[in-house]
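Visitor: Chains as they are written, first to last, in the numbering used here: chain A, 1 to 223; chain B, 1 to 144.
Just so you know, the hints here were simulated from the structure itself, not pulled from any lab data.
Using N, Cα and C, we set each Cβ at its ideal position, and we do this for glycine too.
Hints are supplied without guarantee of correctness; some may be wrong.
Partial pick of chain A residues on the chain B-facing surface, computed with a CB cut under 7 angstroms [as the list claims (entries may be wrong)]: (1) Leu48; (2) Leu50; (3) Glu52.
Here is how the chains run, residue by residue.
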Amino acid sequence: MIVAERKPMEELLQMTAPFGKILVAGCGACVTVCMAGGEKEVEVLSSLLLIERKKNGKELEARKHTVERQCEPEFIKDLDPRAEGVEMILSMACGVGVQYLAERYPKIPVYPALNTKFMGGPVQQGIWTEKCGGCGNCILSLTGGICPIARCSKSLLNGPCGGSENGKCEVDPKNIDCAWQLIFDRMKNLGKLEILAEIQPPKDWSYARDGGPRKIVREDAVL
Amino acid sequence: MNNNFEPEIIAYCCHYCAFAAADLAGTMRLEYPTSVKIIKLPCSGKVELIHLLKPFEDGADGVFVAGCLEGNCHYLRGNIRTKKRVNYVKSLLKEIGIEPERVEMFNMSSSMGPEFARVANEMTEKVRAMGPNPVKLKGEEVVK
Ligand code: SF4
Ligand code: SF4
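Isolated chain A (complex conformation) (with noise of 0.2 angstroms):
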């Protein structure tokens, strides 16, 4: 799933501060989730922005909806009538869905509530980590289903490197595992040491970022 989290109050404040009539808009899927822009977190945010607001002498109408899911047309459309007469949208949606607010609603300026960080998922509730990173040609076949793109600090393919210690990365030894040392131990568990001795080939990353925006088109399915 996409993590994200909110984006600090005095940002906020300032982004909301020339409106007086605006829309918070959440989404029911990954944001849900990892508890950054769901149906509570839309409730807690339109009262902090209330609360600063009142405390300041000035109203603010904050109207509040969450749709299944921001990053779908189909979903959005629930928006509407809500979107009608507002002065902006403030989406607690990952960048996916402030993207599709902003292009269903030409006329209305739509903000980010939220900072898109990753995809992964949880290690436990109220704890988050980096699984993938979307490169394009996935490899996790040859890294014991752990990925050195994403999880690894320096995204080696021949790890790891000499700053590996005690199973711990020098970039931040307190928080961040070897990605390499975790690859070696599982696949030592598996018998399959042998693949990690194979000297892997600079990733081509044209099918990553590198090579532009990416599309997929599906003949099959499309109508």
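Fit chain B with the ligands to the given chain A structure using the hints.
Guide: Just chain B with the ligands now, with coordinates in the frame of chain A:
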């Protein structure tokens, strides 16, 4: 700041301990401010972030949650979870320039009637010293 004002305080109390303690305080004829409004919950763990914020939106001057003593929650960890939420809401209030001390968490057993009266008084005095919720103050100015 007007120190004579009577702070409006919302107290979320769990059924098993804090509410029973509040009840006992009444039975024992202990005094605590009438402006402390009690909301009874099955467990202090029922309290969500929005429940702690909404009262401030509507002009309450302080909010506290009272749960069982740590380790004695009837739902095992409800009070520990809510303590974390209370702390998080403190940080949210700080982010928008409201005193974080306007929201607190207390723990007590059902036999601690005097303790309930004590925290109700303590919270009231603390909030009185801080003055009214600025939301209410400005609201009044707008009405004038
Ligand atoms: S190798 Fe590429 S596609 Fe596979 S998990 Fe890593 S970043 Fe994602
Ligand atoms: S210590 Fe491990 S995770 Fe860190 S950069 Fe080196 S190989 Fe990658």
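Visitor: Are the hints correct? Go through all of them and say.
Guide: Structure-based check of all given hints:
| no. | hint | verdict |
| --- | --- | --- |
| 1 | Leu48 | 5 angstroms, holds |
| 2 | Leu50 | 5 angstroms, holds |
| 3 | Glu52 | 4 angstroms, holds |
Checked against the numbered hints given earlier, this structure breaks none of them.
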